[in-house]
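Protein chains: 2
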Amino acid sequence: MSSLVNRQIRLVRRPQGVPQPSHFERADAPVPDLAAGEILVRNHYLSVDPAQRGWANDEGNYSTPVPLNSPMRALAVGEVVDSRAEGFAAGDYLYGWFGWQDYCVATPAAVLRRVTEKAIPLTASLGVLGINGLTAHLAFHKLGRPRAGDIVLVSTAAGSVGSFVGQLARIAGCRAVGVTGSPEKVATAVARYGYAQAIDYRHEPDIEAAIARACPEGIDVFFDNTGGAIADAARGLMRLGGRIVQCGTAATAAWTPPPTGPRAERNVLTKRLTWSGFVIFDHLDDFAATAAKLAALIESGQLIYDEDIVEGLENAPDALTRLYTGENRGKSIISLV
Amino acid sequence: MSSLVNRQIRLVRRPQGVPQPSHFERADAPVPDLAAGEILVRNHYLSVDPAQRGWANDEGNYSTPVPLNSPMRALAVGEVVDSRAEGFAAGDYLYGWFGWQDYCVATPAAVLRRVTEKAIPLTASLGVLGINGLTAHLAFHKLGRPRAGDIVLVSTAAGSVGSFVGQLARIAGCRAVGVTGSPEKVATAVARYGYAQAIDYRHEPDIEAAIARACPEGIDVFFDNTGGAIADAARGLMRLGGRIVQCGTAATAAWTPPPTGPRAERNVLTKRLTWSGFVIFDHLDDFAATAAKLAALIESGQLIYDEDIVEGLENAPDALTRLYTGENRGKSIISLV
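For the record, the sequence lines run as chains A and B.
For the first sequence, position 238 (counting from the first letter as 1) is numbered 238 according to my numbering, and the numbering increases by one without interruption.
For the second sequence, position 245 (counting from the first letter as 1) is numbered 1245 according to my numbering, and the numbering increases by one without interruption.
The set of hints was computed from the structure by calculation and includes no laboratory data.
Keep in mind the model is a prediction, meaning the values are calculated, not measured.
One or more hints might be untrue.
Unchecked claim - Label pairs and their computed distance ranges (CB to CB): (1) Leu1240(B) - His141(A): 18 to 28 Å; (2) Asn69(A) - Leu1240(B): 23 to 33 Å; (3) Pro205(A) - Tyr1324(B): 24 to 34 Å; (4) Ala292(A) - Leu1240(B): 50 to 60 Å; (5) Ala212(A) - Ala1253(B): 51 to 61 Å; (6) Ser182(A) - Trp1097(B): 46 to 56 Å; (7) Ile1171(B) - Lys118(A): 35 to 45 Å; (8) Ala1253(B) - Ile309(A): 25 to 35 Å; (9) Tyr1324(B) - Glu208(A): 28 to 38 Å.
Idealized CB from N, CA, C, for every residue including glycine.
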């Protein structure tokens, strides 16, 4: 047994809805000795992600719920301090499922990506080079299939994924139009995230009319993180052969039973749409190559990213709660170093 | 001016809903001399298609409505009797937009396919080698992307397209399950159209439960000609990575405003579905090669087709009306020879 003490944030009560600090507790644990095939990672930065709500609730759509009284499931970036796994050595930097804690004993299966970029801060691995940027790039290019000149509409344009889709669309020669939830986010989307125009859906009496004004020629790619009324409006404005990329459904709180909305069959048929669903963890094999493309865009100054970094493990639960009030400005990160 | 008399069925009143014989009139017209670039086709067989309802109404989604007092728009197969167009000669057989009439003066743009199969009756060009069979093959293979072992669900399984999709699915090594609207059609779907099992949706109190029983492992390809309640049920039973091919929306009579149904976003996302729309006239370049594949399947006895042939031009309107009562058994065709 190592003499190290591992500070953890554990899930101790199961939330209904948005997790609150009261659902978590700080606790210390020993760091066990490594078994063969294991690595010991010292976390430098922890990720705070909207998806953690689903992992904490017991209605996980993609994964089993986090067991009570265990460290909160989280992505993190850290340094290997000891290794009994082939191919991993002390000093390697890794991005993976290392949890809200100081140290993680992991197997290589928990590693999503090796961090090799020397010129880019390590925090970038949690956002633009992590699942947010990778989702934006892979979903936009693989499912959205953009062509230069396309009109690209993005819901949650100033969000963790949308902030990159706007920029990637601009880089691909498209005209990006964003939908977001405040005048401030509209301004940021246009000033920083590549959008030619953005719409504040909370202050539009008729969202379909607003999108139609912003996209008078229609929409070729709809990158949808919300579903709901924005999606209904966008679907009616798609051009022939348009692509809808379903990347999230943030507008709908509960799916049992599914809420109703306008039927989509006729639009899919007459517009020859392709509507497809994207889940980043289906695309692990593309992570290294896609992160390299994103890193090159960052280094050349074409792609920017914003971060909201809070110091201290103990602040992770509060940072998670704040995600759902929209208070964060950029990728939410907990610094341990 | 030729001395030939061209008997026509003209649209003289615009129907609301299903066209009735009273919306049409028989009339004679002269056959004009050919201008440069034109061909004169003598129709042998006329097609009677559900889509003619949309062409006769003034709500055409794909095309302008048929002008009143002109021959009813229709596909037909016939023989070139005179040609002033390069590449066409008397004796050629053609499938194209030749209308409900004896003769058509056409340009090459009206031709969908040259009929070259000698061993297959000419009528086949209107159904299995026409848009029905071509739709089944192209939509199933290009959008459905079947793999051996896949579970394929088809709505309107005994219909003009579904009767081929079941057979093509079986040929591709899939298990085809059909949904259709009578005990008689269930029997035909299983006996003749390649379905391992079929469901009579009119006599099922719970269509989702019935589909789930027939597809206990879920659905990989949903070939949908109806939309509506059958589609809602199928969507919830799709497997990861499933494909929905939207080929028709027969279950919904009117789309202005669109009726509501359960929202699809969550299924599309969590099941990573690909839901796409198919319109056959986008695929003209594939007609010749695909018809050759279908013809080979017919000649080898792997693909069968049923026809409901009525003699006499004057019977075309009644044959159209009967399509919507489900009385026809096989592709509805009017014989002029």
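For Leu1240(B) and His141(A), compare the CB-CB distance with the range 18 to 28 Å and indicate the outcome.
holds (21 Å)
A range of 24 to 34 Å was offered for this pair. Does it hold for the Cβ distance of Pro205(A) and Tyr1324(B)?
violated (41 Å)
Return holds or violated for the Cβ distance of Asn69(A) and Leu1240(B) against the range 23 to 33 Å.
For Leu1240(B) against Asn69(A), whose Cβ atoms are near 31 Å apart, the range 23 to 33 Å holds.
A range of 50 to 60 Å was offered for this pair. Does it hold for the Cβ distance of Ala292(A) and Leu1240(B)?
For Ala292(A) and Leu1240(B) the Cβ distance comes to about 28 Å; the hint is violated.
Using the beta carbons of Tyr1324(B) and Glu208(A), state whether their distance is inside 28 to 38 Å or not.
Given about 33 Å between the Cβ atoms, the range holds.
For the hint 25 to 35 Å, verify it against the beta carbon of Ala1253(B) and that of Ile309(A).
violated (57 Å)
Hint says 46 to 56 Å; check whether the CB-CB distance for Ser182(A) and Trp1097(B) agrees.
holds (54 Å)
Note whether the CB distance of Ile1171(B) and Lys118(A) lies within 35 to 45 Å or breaks it.
At 55 Å between Cβs, range violated.
When you take the CB atoms of Ala212(A) and Ala1253(B), is the distance between them in 51 to 61 Å?
violated (27 Å)
Taken one by one, the earlier hints fail for this structure at numbers 3, 4, 5, 7 and 8, listed in ascending order.
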